[in-house]
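> Okay, here's what each chain looks like letter by letter:
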Amino acid sequence: MVEYPEYSSEDVIQDLSKILPEESISKSLFERINNAVDPYTFASDISPEEVPHAVVRPGSTEEVSDLMRYAHSKKIPVFVRGSGTSLQGASRYRHKGIVLNVSRLKHLNIVKEDGFVEFGPGHRVLHVREELEKQGYFLPLAPGSIRVASIGGIISNNTSGHVVDSCLGKPRDYILGLEVVLPTGEVLRTGTRSLRRPAGTDLTHYFVGGDGLLGVITSIRMRLIPEVKSAYGVAFFEDAVRLAKAVQRIYLEKAPSPLFLEFLDKRVAQMSFEIQGLDSPPGPVLMFQAIGRSEEEGIAKADELVKVISKESPIETRRVEDIEEWHKIWLTRESALPYIIQAAKGVFGLSEIVSSLSALVDCLKDVMNMGKGMPTLEKLVEPYLFGHIGALTFHPVFVIPADWPAEEKAKAVEEMFLKEAEINEKYGTCGGEWGQFSRRTPFYLRRYGEKAFQLVRDIKKIFDPNQILNPDVFLDH
Amino acid sequence: MQAQATEARLKEDILDILTCCINCRFCLPSCPLFEITQGEVTQGASGITRALYYAVKWNEIDREVLGELRNILYSCMTCRNCEVACKNLSTGTKLLDAIEKGRELLIEKLIGPMPKQKRTLESLYLYGNPNDMLPADRQAWLSGLNVSSFGPETDVLLYVGCTAPHDLEAQGMAFRLVELLKRAGIRFGIIGDEICCGRPALDMGESGEGGLFEDISGKNIARLASLGVKHVVTLSPHCFDTFRNRYPEEKMKGIKIQHYTQFLSDLIEKGQLKFAKSIEKKVVYHDPCYLGRYNSIYDEPRRVLESIPGLGLGEFARAREDSLCCGGGGGRMFTDFEAEIGRLGNIRAKEALDAGADTIVTACPWCKINLVDGVKIAGIEESVSVIDLAELCMKAL
Numbered sequence: 001m002v003e004y005p006e007y008s009s010e011d012v013i014q015d016l017s018k019i020l021p022e023e024s025i026s027k028s029l030f031e032r033i034n035n036a037v038d039p040y041t042f043a044s045d046i047s048p049e050e051v052p053h054a055v056v057r058p059g060s061t062e063e064v065s066d067l068m069r070y071a072h073s074k075k076i077p078v079f080v081r082g083s084g085t086s087l088q089g090a091s092r093y094r095h096k097g098i099v100l101n102v103s104r105l106k107h108l109n110i111v112k113e114d115g116f117v118e119f120g121p122g123h124r125v126l127h128v129r130e131e132l133e134k135q136g137y138f139l140p141l142a143p144g145s146i147r148v149a150s151i152g153g154i155i156s157n158n159t160s161g162h163v164v165d166s167c168l169g170k171p172r173d174y175i176l177g178l179e180v181v182l183p184t185g186e187v188l189r190t191g192t193r194s195l196r197r198p199a200g201t202d203l204t205h206y207f208v209g210g211d212g213l214l215g216v217i218t219s220i221r222m223r224l225i226p227e228v229k230s231a232y233g234v235a236f237f238e239d240a241v242r243l244a245k246a247v248q249r250i251y252l253e254k255a256p257s258p259l260f261l262e263f264l265d266k267r268v269a270q271m272s273f274e275i276q277g278l279d280s281p282p283g284p285v286l287m288f289q290a291i292g293r294s295e296e297e298g299i300a301k302a303d304e305l306v307k308v309i310s311k312e313s314p315i316e317t318r319r320v321e322d323i324e325e326w327h328k329i330w331l332t333r334e335s336a337l338p339y340i341i342q343a344a345k346g347v348f349g350l351s352e353i354v355s356s357l358s359a360l361v362d363c364l365k366d367v368m369n370m371g372k373g374m375p376t377l378e379k380l381v382e383p384y385l386f387g388h389i390g391a392l393t394f395h396p397v398f399v400i401p402a403d404w405p406a407e408e409k410a411k412a413v414e415e416m417f418l419k420e421a422e423i424n425e426k427y428g429t430c431g432g433e434w435g436q437f438s439r440r441t442p443f444y445l446r447r448y449g450e451k452a453f454q455l456v457r458d459i460k461k462i463f464d465p466n467q468i469l470n471p472d473v474f475l476d477h
Numbered sequence: 001m002q003a004q005a006t007e008a009r010l011k012e013d014i015l016d017i018l019t020c021c022i023n024c025r026f027c028l029p030s031c032p033l034f035e036i037t038q039g040e041v042t043q044g045a046s047g048i049t050r051a052l053y054y055a056v057k058w059n060e061i062d063r064e065v066l067g068e069l070r071n072i073l074y075s076c077m078t079c080r081n082c083e084v085a086c087k088n089l090s091t092g093t094k095l096l097d098a099i100e101k102g103r104e105l106l107i108e109k110l111i112g113p114m115p116k117q118k119r120t121l122e123s124l125y126l127y128g129n130p131n132d133m134l135p136a137d138r139q140a141w142l143s144g145l146n147v148s149s150f151g152p153e154t155d156v157l158l159y160v161g162c163t164a165p166h167d168l169e170a171q172g173m174a175f176r177l178v179e180l181l182k183r184a185g186i187r188f189g190i191i192g193d194e195i196c197c198g199r200p201a202l203d204m205g206e207s208g209e210g211g212l213f214e215d216i217s218g219k220n221i222a223r224l225a226s227l228g229v230k231h232v233v234t235l236s237p238h239c240f241d242t243f244r245n246r247y248p249e250e251k252m253k254g255i256k257i258q259h260y261t262q263f264l265s266d267l268i269e270k271g272q273l274k275f276a277k278s279i280e281k282k283v284v285y286h287d288p289c290y291l292g293r294y295n296s297i298y299d300e301p302r303r304v305l306e307s308i309p310g311l312g313l314g315e316f317a318r319a320r321e322d323s324l325c326c327g328g329g330g331g332r333m334f335t336d337f338e339a340e341i342g343r344l345g346n347i348r349a350k351e352a353l354d355a356g357a358d359t360i361v362t363a364c365p366w367c368k369i370n371l372v373d374g375v376k377i378a379g380i381e382e383s384v385s386v387i388d389l390a391e392l393c394m395k396a397l
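Residue numbers (this note's numbering), protein chains in the order written: chain A, 1 to 477; chain B, 1 to 397.
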């Protein structure tokens with residue numbers, strides 16, 4: 001474990017005041033606390049000793065560079081933070097240090113003539129989407145936390161959220177270049193200003209999906225994608241196995257990949273449909289959004305998907321033509337988690353399990369039974385289940401009674417992550433949304449081996465010789 | 001001893017409520033404070049309540065730190081946008097209940113309210129209104145409305161509230177509503193020495209047992225009972241919500257509480273109020289928080305507007321449950337906050353322009369004051385005007 005010198009917060013703030021403008025430093029105790037806490041399931045209360053020295057909200061790349069130079073020279077840990085929405089600890093503050101909040105890095109230029117958009121990491125994803133839509137463009141990112149998650153974190157994590165990978169790919173497929181401040185303070189500009197992306201070594205890819213280990217992204221250049229037209233569909237099944245087979249069939253029969261292909265198990269579907277004032281479905285539900293350059297193309301793809309899905313004998317499958325009805329159906333999925341938590345009156349443990357295509361049915365059964373044989377999970381009701389099944393992803397949700405002692409709750413969450421690792425390893429997969437380290441470091445080691453893990457650590461040391469940027473993200477392994 | 005017990009109870013309640021919050025931050029983008037500050041986490045929704053949570057959990061006693069907490073906690077405009085977001089997207093935590101209890105705790109600790117609000121509470125205590133208005137002056141103003149006192153010959157009590165007697169912008173609302181009710185043939189009266197409903201006391205943390213709110217509400221309940229009032233119509237959504245949701249239910253049993261927009265909508269439906277004149281305006285209706293998000297009253301004011309001939313009713317991009325607060329709730333009409341760099345009234349005024357409207361209609365005295373200021377400060381007075389629903393209705397008679 002790396003040792004860091006101890007400093008008083010007063011001294012650090014005094015030093016920072018000499019190199020940064022006043023408006024870039026938040027000294028308030030409560031602001032510092034707020035920038036050090038994470039959302040559940042990783043949330044544990046911090047202690048007064050853990051409060052960051054300061055929260056720095058730089059207004060420019062130069063300020064980021066000045067901060068990193070200072071922190072590097074003094075060997076003070078720096079935690080980069082956007083909205084702090086990571087569900088498995090990627091943005092977690094762990095060690096007395098400085099929080100670098102990117103919320104003021106908010107430039108946004110749509111450069112139509114060059115076919116790209118450049119933006120800062122501090123924007124909320126939804127804001128970037130809205131700005132692009134105003135100009136007739138489409139953002140290929142759709143995390144569940146789109147309203148609040150900041151786009152820098154999404155890029156660092158290389159996640160496109162709900163999106164089916166085979167339809168649009170990952171952010172990495174659209175990023176043309178980055179501006180990055182290294183942990184030592186130097187500024188790096190990677191990639192290209194052309195739509196022709198570099199062949200061969202491109203440092204862009206070290207940072208997109210780099211888990212925030214190697215540098216602070218201060219600007220992102222992304223290819224513009226023309227707006228798309230959508231068509232929608234829904235399918236109701238007797239049982240989840242049939243539903244999973246329908247998803248496999250979509251791939252096997254080379255049907256068009258939908259943008260979203262989402263699944264709700266029977267319990268979740270019935271609860272959510274009722275809240276939305278829709279007829280209660282008799283079993284699990286599949287819903288999808290197909291996209292095309294024109295409305296006709298979207299509809300044709302949706303019709304083809306309906307045709308393929310119908311081969312697995314659903315109770316009903318159809319294209320949804322009434323947009324109001326689609327909004328309600330989509331809300332049953334978007335709001336599934338709050339509906340579950342609020343109905344069950346407990347806290348939740350959310351997991352991310354990914355299957356291979358051929359094992360989808362077996363994986364689904366494993367997920368349904370994932371509490372079995374685990375001493376704490378077994379005491380809970382079976383997990384509620386939903387997920388991006390088109391992206392071969394399940395999100396089982398365990399509801400943990402609010403009145404359980406904290407240690408018991410922690411045990412349940414630990415067992416859940418253990419089981420998640422076991423199933424992902426069994427099918428030779430890994431998570432597709434939440435990043436590779438933090439809570440998942442033990443899984444990374446198990447899944448890819450000691451050598452791969454050591455290489456990652458060695459790479460970090462080259463970029464960050466003093467190990468100050470987001471330290472302990474490997475959880476001391 | 002009693003003070004310690006109260007503090008302990010408040011702390012327990014606060015932790016109890018906020019344990020449900022999972023720090024998902026889904027509420028932050030919904031918080032209007034975020035739009036007028038530098039965007040620090042403590043300048044919005046769960047950032048505010050997380051600050052409170054840790055101050056309580058760590059038994060914070062440093063007065064400077066508690067002063068910092070006070071500035072954070074009292075900046076909330078209680079618009080309820082955060083709770084809507086939390087209900088739709090997360091755990092359904094009652095963030096505003098925690099904020100109210102936090103303010104009560106700071107009152108107990110003699111840290112709250114904000115310095116300027118102290119005078120508001122004194123005024124409430126001394127004069128029965130938050131505006132330092134002598135009771136005699138208020139009575140004189142009320143007598144200028146030329147409405148008889150509520151009594152056996154009247155069916156409806158018009159509760160005017162504290163803002164109209166005090167503020168020029170709100171005065172017209174009261175006069176026009178009175179005229180409207182007279183023209184509709186309503187048998188209504190007022191209380192000549194009316195006192196505040198108590199909302200500002202609630203907003204500033206004087207909400208506890210034996211506190212100022214209990215004192216004021218007790219006086220009003222006794223007055224309503226002694227006069228035999230069965231139907232109250234209020235000018236302000238804040239008074240409406242206070243009577244409807246914050247006065248003890250058992251004490252208000254048998255008394256119908258309405259905001260005037262509901263009452264006008266009923267009159268139109270029954271044919272007692274008809275508009276003859278055409279008004280060629282493009283209007284947008286600004287949903288006051290305490291009518292909309294607090295009481296789900298969205299349709300009635302729009303029904304009134306739809307019944308006015310010639311009127312073009314559009315919508316703000318953020319309307320109904322998404323309506324942007326004017327910034328006046330939660331006691332903010334009585335103080336300022338240094339951390340704020342913008343004003344919601346200005347933002348809202350520009351949004352009206354974006355919606356293609358030439359007129360903003362609202363139904364709350366505080367919203368009206370803030371929006372009139374907003375239009376002026378945004379420099380769009382020539383393009384957009386602000387009018388209250390009652391005033392607009394009078395023009396159409």
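Hint data in this document are derived by calculation from the structure and do not stem from the laboratory. Note that CB positions come from ideal geometry on N, CA and C, so glycine has one too. Hints may contain errors.
Unchecked claim - Simulated restraints, written as ranges between beta carbons of each label pair:
(1) E315/B to K75/A: 18 to 26 Å
(2) S60/A to W58/B: 57 to 65 Å
(3) K118/B to V111/A: 27 to 35 Å
(4) N59/B to V111/A: 31 to 39 Å
(5) Q276/A to R183/B: 40 to 48 Å
(6) A406/A to I221/B: 37 to 45 Å
(7) Q38/B to E50/A: 37 to 45 Å
(8) I19/A to A339/B: 55 to 63 Å
(9) N245/B to R318/A: 30 to 38 Å
> Each hint: holds or not?
Hints and how they fare:
For the pair E315/B and K75/A, the supplied restraint of 18 to 26 Å is violated, since their beta-carbon distance comes to about 56 Å. Checked against the given bound of 57 to 65 Å, the beta carbons of S60/A and W58/B, roughly 35 Å apart, lie outside it. Look at K118/B against V111/A: about 54 Å separates their beta carbons, and that is not inside 27 to 35 Å. Judged by the Cβ atoms, the range 31 to 39 Å given for N59/B and V111/A is violated: they are separated by roughly 54 Å.
For the pair Q276/A and R183/B, the supplied restraint of 40 to 48 Å holds, since their beta-carbon distance comes to about 44 Å. Between A406/A and I221/B the Cβ separation comes to about 44 Å, which falls inside the hinted range of 37 to 45 Å. Here the CB-CB span from Q38/B to E50/A is close to 24 Å, at odds with the stated 37 to 45 Å. Roughly 24 Å separates the CB atoms of I19/A and A339/B, a value that falls outside the hinted 55 to 63 Å.
For the pair N245/B and R318/A, the beta carbons lie near 44 Å from each other, so the given range of 30 to 38 Å is not met.
Of the hints listed earlier, those the structure fails to meet are numbers 1, 2, 3, 4, 7, 8 and 9, in rising order.
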